[in-house]
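In the UniProt record's numbering, the protein residues as written are 1 to 359.
Keep in mind the hints are simulated off the structure, nothing from the lab. Heads up, some of the hints might be wrong.
[Claimed, not checked] In silico EDC-like pairs for lysine to aspartate or glutamate, Cα to Cα no more than 20 Å straight-line: (1) K338 to D327; (2) K79 to E157; (3) K88 to D17; (4) K88 to E119.
[To be verified] Computed beta-carbon distance windows for the label pairs: (5) D237 to S178: 56 to 64 Å; (6) A80 to Q138: 48 to 56 Å; (7) S178 to V324: 44 to 52 Å; (8) E296 to A182: 35 to 43 Å; (9) S54 to E292: 52 to 60 Å.
Note that beta-carbon positions come from the ideal geometry of N, C-alpha and C, so glycine has one too.
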Amino acid sequence: MSTETTLFAHIAPRLTDRIEDVAVEALGHILSNSEAARSALEETVRLGGANVGSIDRIQTQVTSEEGGRPDLVAFGIDKAKEMLIEAKFWAGLTPNQPNQYLAQLPRGRPAALLFVAPERRIPMLWPKLLLRAEEKFQLSDKSRPKTLCSAIVDDGEHRLLLTSWAALLERMETRAKSAEDAAAAADIRQLMGLTERMDTDAFLPWPSEEQWGTEFAKRVLSLIPLVDDAVSSGKADRFLERTKTSINLRWEGYGRRIRIGGVNAWFGFILDAWAEHGSTPLWLLFSYGDYERLQEAGLAETHVVKWKTSDGRFCIPIRLPTEVDYDEVLDSVVSSLKHIAERLKSAGFDTLEDEEQEA
């Protein structure tokens, strides 16, 4: 099961738009209360080439004399800074990042500045960090963008590092489980859910015209007549009806209000369901109150995706055949809808009347 369904991932975005601050406080809490989690953080930084000492204490939002306020500061047993941590989702770098933070690292001893970001952002963020850092520091041994990026700063005692939320939290969870620290493992799982949620909701940079072309736009536009033709075919075959307010635009896509097998539904393409599950752009939506009907028709366990839209509807994917002509795609979609109508009818929900309703 995806950790994106955790309670923390569900509640936090509903209560605040300062999700990075929430994640920072959560990470700080976990590291402050779990030796196993701190050892995983130490391991991550050492894998990046920084020979830091053991972490004794974690503090969030520490303002320094040099300026800037990193999200987390890890102090060693001798109270010196072992590393600074800056947590990112999709917000841009501030003017202080990373140079004022690198300037805060103690001279003459190993230390590191670690950025944590979504894995999909690493190829974009790492070059920016290097470019800015090279304005004031001498960098060497710069790695290519990967799960853990590293660069030597100046004389070699300091490291600039970038890793993904997933890599860091998975290492922390593994260490916590090995140490039988159940409380920390549970907390880490909650934070993993939030970071996965933020990764899913993120803006993805547009590719170049050569990569993107016009094919995607044409395919999406072709879904509109496909939906309309499928509904018209179903109406002609008398296994569904269009409602009086048939055409209905959702913010996620386009579709038609219909009555299928005696149950009101919505059929069309939904982009967020497509992004979430990746199986198909076409979905048949039923209201929350119809779930028992779907169960009685034997559709709930075998067809309904365990996912609801923002307005609480349950969804059945209508899959599209690939590498075939339009007529075959249309026939397949109509066949899928008819199968669902027959299942609902067999459960006793078919109330279609002889007279047709106007679209």
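Right, here's what the structure says about each hint:
{"no.": "1", "hint": "K338 to D327", "in the structure": "16 Å, holds"}
{"no.": "2", "hint": "K79 to E157", "in the structure": "18 Å, holds"}
{"no.": "3", "hint": "K88 to D17", "in the structure": "14 Å, holds"}
{"no.": "4", "hint": "K88 to E119", "in the structure": "11 Å, holds"}
{"no.": "5", "hint": "D237 to S178: 56 to 64 Å", "in the structure": "60 Å, holds"}
{"no.": "6", "hint": "A80 to Q138: 48 to 56 Å", "in the structure": "23 Å, violated"}
{"no.": "7", "hint": "S178 to V324: 44 to 52 Å", "in the structure": "51 Å, holds"}
{"no.": "8", "hint": "E296 to A182: 35 to 43 Å", "in the structure": "40 Å, holds"}
{"no.": "9", "hint": "S54 to E292: 52 to 60 Å", "in the structure": "57 Å, holds"}
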